[in-house]
Structures are given as C-alpha cells and as structure tokens.
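A.B. asks: Single-letter residue listing:
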Amino acid sequence: MTQRLPGVVGLLLMLMAGLVEQAAADEACAIDDAEQEICLTVPAERIVALSPGATELLFAAGAGEQVVAVVDHSDYPPEASELPLVGSHDRLDLERLVALQPDLVIGWVTGNPAGQMERLERLGIPVFRIEPRTFEGIATALERLALLAGREAQGRLAAERFRQGLAELAARYADAPPVPVFYQVWDSPLMTVNDEHLIGKVVTLCGGVNVFGGLARLVPRIDEEALLVADPEVILAGGRGEANRRWLEDWQRFPELTAVARDNLFFIPPSLLQRPTPRLLEGSRRLCDRLEVARGRR
Amino acid sequence: MAGASLRVCAHGHPTLGQLALTLGLLAAAALAALIVAVALGSAAVPLTDSLAVLVGGGDDMSRTLILELRLPRALAAFATGGLLAVAGALMQVLLRNPLADPYVLGLSGGAAVGALLAMLAGLGSALVSGSAFVGALTATLLVFGLAHGTGSWTPSRLLLTGVVVASGWGAVITLILSLSPARQLPGMLYWLMGDLAHARGPGVALGLLVLVCLLVVPLGRSLNVLARGGLQAAALGVPVRRLEWLVYLLASLMTAVAVTTAGSIGFVGLVVPHLLRLVLGNDQRLILPACALAGGTLLVLADTLARTVIAPEQLPVGVITALLGVPVFLFLLHRSR
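Just so you know, the protein sequences line up as chains C and Y, in that order.
Take the first sequence: its position 211, counted from the start at 1, is 211 in UniProt numbering, and no numbers get skipped.
Take the second sequence: its position 242, counted from the start at 1, is 242 in UniProt numbering, and no numbers get skipped.
Don't read these hints as lab results, they were simulated from the structure.
Some clues are possibly wrong.
[Unchecked claim] The following label-pair restraints were derived from C-beta to C-beta distances:
#	chain 1	residue 1	chain 2	residue 2	range
1	Y	L146	C	G124	52 to 62 angstroms
2	C	E27	Y	T174	38 to 48 angstroms
3	C	L85	Y	L54	26 to 36 angstroms
[As the list claims (entries may be wrong)] Covered by chain Y, per the in silico footprint, the following chain C stretches (three or more residues, Cβ under 8 angstroms):
#	region
4	84 to 93
5	137 to 144
6	249 to 259
Predicted model only: the values in this text are computed from it and were never measured.
The beta carbon of each residue, even a glycine, is placed where N, CA and C say it ideally should be.
If we strip away everything but chain C, and leave its shape as in the complex, we get (with noise of 0.2 angstroms):
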C-alpha cells in the first residue's frame, strides 16, 4: 500500500502533465502585423474585419462562415457585402461592434482608429491587427488568420497558390526586357506610388521599372511635368470603379509621350490590385499581360 502510492502519484502527476500540455496544444497563437501575440484558447467562432481587404483575407482563408460583421466597402466577395456593417474603417460603431459580441476583432494597423482599437482591448476583445506589405506577407495573412479560426489547412492551400503563382510570375519575367511604367493612383490631385508599396512591387515583379518608384513617400503627388520628363512607357490607371477610361484619355492630351505614341495606355481595375488580398494575384497577372503586350510594341 505504502509503496504502491508514489506510483499513484506518479500516475496522477503524470495525468495533469498530459492535459496541461493537451490545453497548450489547443491554444492557437499568431502573431500580428502590429508585433502583438495574439493567443485563442478555442477557434474563433464570431469574427469582426474592421477593413476591407482583412474580409477578403478571412474569407480566402476558409473563414468566411465565422464573419459576422464587416465594415463600408466591404464588398468582396459578394456574400460579404449582405453581412451586418459596423460602420466605416475609419470611424466605428463600437456599440454595435461590442453588442455582437465578437471573440476576435482583425483590425486594420493604419487604417483604423488606435483610441477605439485600445477600447475594444480593454474590454477584454482580441485584436489581431493586418496590414500585409509584401507578397509573403499577404501569404501569412491567411494561414495566420485561417490558424486563429480553426482553418488551418484551408489557409495554407490558399497560401501556397499565392505563393506558387506569384513565384510563376517572378520566373517567367525575370529576364524579360525592363518597361519604364507610370501608375496612375488618383488623378486629382495626381497621385502615384513608390517601390515600397504592393503595386511598385507587382509592377517590378513583371519586369517594369516604377518612373517614381525612389521617392520617399508610399503614395507620392506628382505633377504633370514630371511625368513628362521621366516619359513612361507604359502608364497603367486604377481609380475609380471598375472600368474607367477618362484618366487615360487625359493623357492624350501629351502626344509626345511615349505611351501615348503607342497606345500602352492600360487600366487595371483597382479592386484586383489596390487590395492587399490573394486577388492582387490576378491584378499582377493582368499588369505582366499589359507590360508584354507593351513590350510588343516596341
């Protein structure tokens, strides 16, 4: 009996160890854009995206069904523009988010107001905050946020596609001949990016060289002269809606620029490119397509 005990003890000792390591098993941990762990003991069942393209990413990751709240302009795909919105990025119902009850809100580093981020911490709601700035990052997103749900083998399938396609891209243009490109942001005022931003590095991934990708800011007002000295060859607008010719009939107004000598005056529609989600992997396609067809020309 005396002797048997330890065994017991033992035995129990053991027990604890093997449900305390089974709870750490469970326990689902990422870590945000924001350089915060975020930590989930069960999957998130009630989730809240706080921007646009962070709805994009849940749903790509498999997590679509968990949304429950979305915010303005939400509209991709297009189940996601019928679920309940809890007021624009930039200024949140928060009655309404908390009345929803969430277990995890995706919030937006830049895009949304810190003050109501910190007051949904404080009443005890994780924020896992995104804003992907590279094409790994975009890929992490969505395994992070599929880990955080519970989906995690469909995150990394959507992962590894993006990847793999993006990785196809990189391999067939990598040697191709350079294409000195414009992209048109806004038209008024004229806005542009640089190379730091997404797109700057969708437009070298295809073998084009952003006439202003050096300068300083991530999304840079030019004027008109400037880009008539740097000269493109190839401009590309995004903007407004999804089919917006005006922007590039402007440019005809400058015959003596190249792209307009030779028509390599493309528009890509923003959503596909301006949206830090898996589609930026067909609006790349599309801008490689255009900067072959330009390379055509020549």
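Given the coordinates of chain C, assemble chain Y onto it according to the supplied hints.
C.D. replies: Okay, now just chain Y, sitting in the frame of chain C:
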C-alpha cells in the same frame, strides 16, 4: 473696430505720377514673377530655352512643358490671386470691416459644396468647376435674398446673414467629407485648400480681372467716401444703396470665378489689401489696381514654390501663400506703429 484700418491714411491722395510709378513697379514685379514661374519646374528647362519658346522657338518637349503646363497655370494663378485680392478689398469697403474677405459671406462654402458633390458623383474636372460656379452663385443669391429681406438693410445685416449662411455651408462640407469614401478625400481636401494643378484656360479669369479693374477705378472716389461710412457718403451725394449692391455683385462674381478656377485659396483676399494699405494708404483708385497686381504676383510665386519645393511631389498652394504672407504682413504692421 470697423473702419479702424480703413481710415484714409495720412499719406493723402497720390498724384498721378506716384500712381503710375507704384503701379509700374508692381507690374514689373508681376512680370518678373511670371517669368520665374515659367522658368522653374520639376523638369529642368534652361532659361534660354524657356524664353525661346515664348517667342516661338524651342523643341517639342520644352514647348509642351511651357506652353501647355507652366504658362496657363501661371496665368491662372495670377488671375486668381488678382481676383481674390480685389474682391477682398471691395468686401472690406462694403462691409466696413477689416476682417472681411471674399469668403466671409459664404460664397466659397457654396462653391465647395457644389464641387464636392460633383466629385462625390464622380464627374470630370470641367463639371466639378461648373458645379462649383453654380454653388457660388447660389450662395450669393441666397445671402442677397435673405439680407435684402423686407427692406431695412445695413452692412452689418448683410455680414451677419453671410456669416450664418457660411456656417451652414461649413456644416454641409463636413457632412460630405465624413460620408465620402476615403479614396476621394485627398482630392476633396486639395480642392478645399486650393490647388492650381487642374486650372486650365485662364482666359475667363484674366478677362474678368481686367474688366473689373477698368470698371472700379472710375468708382474709386465714391468708394473712398463709402469706406468712411454710408451716412457720410449719402450726405455727399453718393448713391449708396446702388453702389453697395454693385460692389457686392462684382466681388461675388470675381470670387466665384476665382474659386471655380482654383478651389478656395485662403489668405490672399484678406491680407493683400491690408498689406497694400499699410504701404500705400487707403485710396481705392490706387489700392484696387494695386491689389490686382500684388495679389496675382503673390499667388504666382506661391504656386511656383508649391510645385517646386519638394518636386516632383506637390504642396497645396494655400499653405505657401500664408507662409509667405504672414511674416511680411506682421513686419509691416509692426513697422507702421
């Protein structure tokens, strides 16, 4: 307070020679500013090439840069600055209030609401300008109608009506800004701060500036009397009511055209007239044409800086007008004590 800085200064009335000399110097400064504006830009064009283009030579690139981009923009800046300064001087006389500027009666607010609504609807820049003009005229007629009311009319009634209507426009602008999608905001804010990047075809603004100068200079003597007060003017046989409405409509039309060309550029209309009064005295026959030249010069220089300081990136011109004008104004004010 009213009239404190509008008092006819001790300088007395200028002789014809002084008048010609002053305006000649200001015109020379304006010409110099225009040459600087045409010679400078984010692209380096040698001065000789710039001048060659102006007399019909130069290569294609220089011609495009100078004739299609810099010159129209510089002329638009000149016209806008001139219109705003003259409109400001007229408003200060009309309202007998040194704080009056072209926007005090809510005209820029109406124009802004028109422009922002057009931007929100996704219209092109020509329609945005048209909409701004309609907004400005609506604001003018609204204040005119409300202040006219049932008869008894005074400058302070006009001022109060205008200020209250302007607050109303301000609220509508804030509402539009808070309901607009984020991507539209930079364009809207640049419009509100004033921006000459999309000013095309300075013809109308320049024409109006010349026309108004020719029209108001003969009225200078009556305006001088009006600046001292309506009763005094009436006693001296000036048709006060008619003159006041003429001044109001002229100033409104000028402001509407200026705002339609370049958005609501602040500061020029308020400070340029005061600045000139500190130096030249308060004779409207001199001040009004001087305002046209000095206001234009200031805005041309400010716009040149705005587009070259951190080129190829651009700054809003309103920031530069204030940064240039505030120290000059404070210096003159200090010196005049």
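A.B. asks: State for each hint whether it applies.
C.D. replies: Structure-based check of all given hints:
Here the CB-CB span from L146 of chain Y to G124 of chain C is close to 54 angstroms, well matched to the stated 52 to 62 angstroms. For E27 of chain C and T174 of chain Y, the hinted distance range of 38 to 48 angstroms is satisfied, since their beta carbons lie about 46 angstroms from each other. Distance hint check for L85 of chain C and L54 of chain Y: the Cβ-Cβ separation is about 57 angstroms, which falls outside the suggested range of 26 to 36 angstroms. Chain Y is given as covering the region 84 to 93 of chain C, and this holds because 4 residues of the stretch bring a CB closer than 8 angstroms to a CB of that chain, at least three being needed.
Evaluation of the coverage hint for the region 137 to 144 of chain C: breached, as 0 residues show C-beta separations to chain Y shorter than 8 angstroms, against a requirement of three. Figure legend: the region 249 to 259 of chain C, annotated as covered by chain Y; annotation consistent (3 residues with Cβ-Cβ distances under 8 angstroms, at least 3 required).
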